[in-house]
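Each protein sequence line maps, in turn, to chains A and B. Just so you know, we're using the working numbering here: the first sequence kicks off at 101 and counts up by one. Just so you know, we're using the working numbering here: the second sequence kicks off at 471 and counts up by one.
In case anyone wonders, no lab produced these hints; they're calculated from the structure. One thing to keep in mind: the hints can contain errors.
[Claimed, not checked] Here are the simulated SDA-like cross-link-like pairs (lysine to any residue), alpha carbons at most 25 Å apart as the crow flies:
hint: 1; chain 1: A; residue 1: 321; chain 2: A; residue 2: 248
hint: 2; chain 1: B; residue 1: 526; chain 2: A; residue 2: 310
hint: 3; chain 1: B; residue 1: 481; chain 2: A; residue 2: 279
hint: 4; chain 1: B; residue 1: 481; chain 2: A; residue 2: 187
hint: 5; chain 1: B; residue 1: 526; chain 2: A; residue 2: 248
hint: 6; chain 1: B; residue 1: 482; chain 2: A; residue 2: 310
hint: 7; chain 1: A; residue 1: 187; chain 2: B; residue 2: 491
hint: 8; chain 1: B; residue 1: 519; chain 2: A; residue 2: 180
hint: 9; chain 1: A; residue 1: 144; chain 2: B; residue 2: 531
hint: 10; chain 1: B; residue 1: 526; chain 2: A; residue 2: 321
hint: 11; chain 1: B; residue 1: 523; chain 2: A; residue 2: 224
hint: 12; chain 1: B; residue 1: 526; chain 2: A; residue 2: 276
hint: 13; chain 1: B; residue 1: 511; chain 2: A; residue 2: 144
hint: 14; chain 1: B; residue 1: 482; chain 2: A; residue 2: 180
hint: 15; chain 1: A; residue 1: 187; chain 2: B; residue 2: 519
hint: 16; chain 1: B; residue 1: 531; chain 2: A; residue 2: 248
hint: 17; chain 1: B; residue 1: 511; chain 2: A; residue 2: 171
hint: 18; chain 1: B; residue 1: 523; chain 2: A; residue 2: 223
hint: 19; chain 1: B; residue 1: 531; chain 2: A; residue 2: 129
hint: 20; chain 1: B; residue 1: 481; chain 2: A; residue 2: 168
hint: 21; chain 1: A; residue 1: 187; chain 2: B; residue 2: 544
[Stated by the list, open to error] Label-pair distances were calculated between CB atoms; the ranges are:
hint: 22; chain 1: B; residue 1: 497; chain 2: A; residue 2: 278; range: 29 to 39 Å
hint: 23; chain 1: A; residue 1: 184; chain 2: B; residue 2: 542; range: 26 to 36 Å
hint: 24; chain 1: B; residue 1: 505; chain 2: A; residue 2: 122; range: 37 to 47 Å
hint: 25; chain 1: A; residue 1: 155; chain 2: B; residue 2: 542; range: 37 to 47 Å
hint: 26; chain 1: A; residue 1: 300; chain 2: B; residue 2: 485; range: 44 to 54 Å
[Unchecked claim] Here chain A is said to cover these stretches of chain B; the calculated rule only asks that three of the stretch's residues, wherever they fall, bring their Cβ under 8 Å from a Cβ of chain A:
hint: 27; region: 487-494
hint: 28; region: 530-536
In this text the structure is predicted, and so the values were computed from the model without any measurement. Ideal Cβ positions, reconstructed from N, Cα and C, are used throughout, including at glycine.
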Amino acid sequence: MEEGIPMNRQIKVAVLTMEGTNNEVEAYLSFKHSGTSPEIVHLKKLENKSKRLEDYDILFFPGGFSGGDYVRAGAIMAARLRSTLLKDLEKLVEIGKPVMGSCNGFQVLVELGLIPNVGGEYGIEAALAPNISNRFEARTVYLKINKGNCLFLRDFSDGEVVKLPIAHSEGRFVTRDSDILKGIISNGMNVISYSDEMGRLQGYPWNPNGSEQNIAGLCNKEGNVLGIMPHPERVFYYVTESDWTRTEKREGMGSRFFSSAVSFVREKF
Amino acid sequence: MVELRITVTFKKTVEDSEGSSVLKALRLLGYENVTDVRTGKVYFITLSKGNRKTAKDFCEKLLANPVINECVVDE
């Protein structure tokens, strides 16, 4: 049987929400304008089995303040998912379907242990701690792409520098120990790094939160789970980029994350 | 009825940026003898039944991320 989804079959995307998430509409529209059939799915629908994760081709965790960001950012959503849906999530990841989380979604993925997962046992190996600046950092940042095998970066070039918006107060990526960090680096999982406009890794304000190794986005070893602190879904079109009046009409910087995932699913599933 | 008091703090090795801001503010207020501030959260939890061992589960499953936090249950 030939691999890939026929063009007449819509790719189904679940944009997962609960109380406090607030980027689901941007994510929904980004996937819709990428030619898929997205759906905003409340966590309760999965918990009560009226929706099933296995029915979707792509899973997206949007940004926001899930569970009010109480306890820690992403902790409440992760704890609920862990108690009822962890096996389903692990299965989705293991069969290679694309899973992505931006900002609060990244925090949820890390709290769940789905990334970095250097050890392969879905243990908690990292955290997104409060920014060193102790401020809510909301602005545009430069990011250097080191695409590796990350499926969400297929439509980028290696070494390319892009600009995306950030908006977070808990984005400082820290690892449990030096072995985890070494594993991330040696496996090329640190696919997106805070940089200056030339792609050089620098300290604050280029690195807005003090992340280890300037890590802004992280893919698992297999390349199908991406967590990223910036918000690609907020710049699907170039007119929502901060300097759009000084640039020529083109695709938004964020759109390629979505087109990459869509082309991957069309080819592989 | 069991009453629990659980304190979650950052590990000593983890930069506590809120603590650093409070330290700076206190020194600006003239308290120059303040040399360190660490912050944390205290949870007061009441159980209808059960025992204090449950508190360890609360720490592991929700209240603390073992990478950055310490979770202490008052005896």
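Cross-check of the supplied hints:
Taking the CA atoms of residue 321/A and residue 248/A, the gap is near 9 Å; set against the 25 Å cutoff, the hint holds. Among the hinted pairs, residue 526/B with residue 310/A is inconsistent with the structure: their alpha-carbon atoms are about 31 Å apart, more than 25 Å. Simply put, residue 481/B and residue 279/A have alpha-carbon atoms about 18 Å apart, close enough for the 25 Å limit, and the pair holds. With a C-alpha separation of about 30 Å, the suggested pairing of residue 481/B with residue 187/A is violated against the 25 Å cut-off.
Between residue 526/B and residue 248/A, the direct Cα distance comes to roughly 40 Å. Violation of the 25 Å bound is thereby established for this hinted pair. Restraint check for residue 482/B and residue 310/A: satisfied, since their Cα atoms lie roughly 17 Å apart, inside the 25 Å limit. Between residue 187/A and residue 491/B the alpha-carbon distance is near 41 Å, which puts this suggested pair outside the 25 Å criterion. Taken as a hint, the residue 519/B and residue 180/A pair is honoured in the structure, with Cα atoms around 23 Å apart against an allowance of 25 Å.
Taken as a hint, the residue 144/A and residue 531/B pair is honoured in the structure, with Cα atoms around 19 Å apart against an allowance of 25 Å. For a cut-off of 25 Å, the pair hint linking residue 526/B to residue 321/A is broken: about 32 Å separates their Cα positions. A distance of roughly 22 Å separates the Cα atoms of residue 523/B and residue 224/A; the hinted pair therefore holds under the 25 Å criterion. Using a Cα cut-off of 25 Å, the hinted pair residue 526/B and residue 276/A holds, with the two alpha carbons roughly 20 Å apart.
With a CA separation close to 28 Å, the supplied pair residue 511/B and residue 144/A exceeds the 25 Å bound. A hinted pair counts as satisfied when its Cα atoms are at most 25 Å apart, and residue 482/B with residue 180/A does not qualify at roughly 29 Å. Pair hint residue 187/A plus residue 519/B does not hold up; C-alpha atoms about 30 Å apart against a cutoff of 25 Å. Of the supplied pair hints, the one linking residue 531/B and residue 248/A is violated, its CA atoms being roughly 33 Å apart against a limit of 25 Å.
Among the hinted pairs, residue 511/B with residue 171/A is consistent with the structure: their alpha-carbon atoms are about 8 Å apart, no more than 25 Å. Distance hint between residue 523/B and residue 223/A is fulfilled; the C-alpha atoms sit about 22 Å from each other, no more than 25 Å. Our distance criterion of 25 Å between C-alpha atoms is broken by residue 531/B and residue 129/A, whose separation comes to about 34 Å. Distance check on the hinted pair: residue 481/B and residue 168/A sit about 23 Å apart at the alpha-carbon level, within 25 Å; holds.
Annotation: proposed proximity of residue 187/A to residue 544/B is violated, straight-line Cα distance about 34 Å (limit 25 Å). Remark: the range hint 29 to 39 Å for residue 497/B to residue 278/A is upheld by a beta-carbon distance near 33 Å. The beta-carbon spacing between residue 184/A and residue 542/B, approximately 29 Å, falls within the hinted interval of 26 to 36 Å. Roughly 40 Å separates the CB atoms of residue 505/B and residue 122/A, a value that falls within the hinted 37 to 47 Å.
Between residue 155/A and residue 542/B, the C-beta spacing of about 43 Å keeps the proposed range 37 to 47 Å intact. Taking 44 to 54 Å as the suggested C-beta distance range, the pair residue 300/A and residue 485/B does not conform, at roughly 23 Å. A stretch counts as covered by a chain when three or more of its residues have a beta carbon under 8 Å from one of that chain; for the region 487-494 of chain B and chain A the count is 4, and the coverage holds. With a cut-off of 8 Å between beta carbons, the region 530-536 of chain B has 5 residues touching chain A; three or more are needed, and the interface restraint holds.
Consistency with the previously given hints fails for numbers 2, 4, 5, 7, 10, 13, 14, 15, 16, 19, 21, 26, ordered from lowest to highest.
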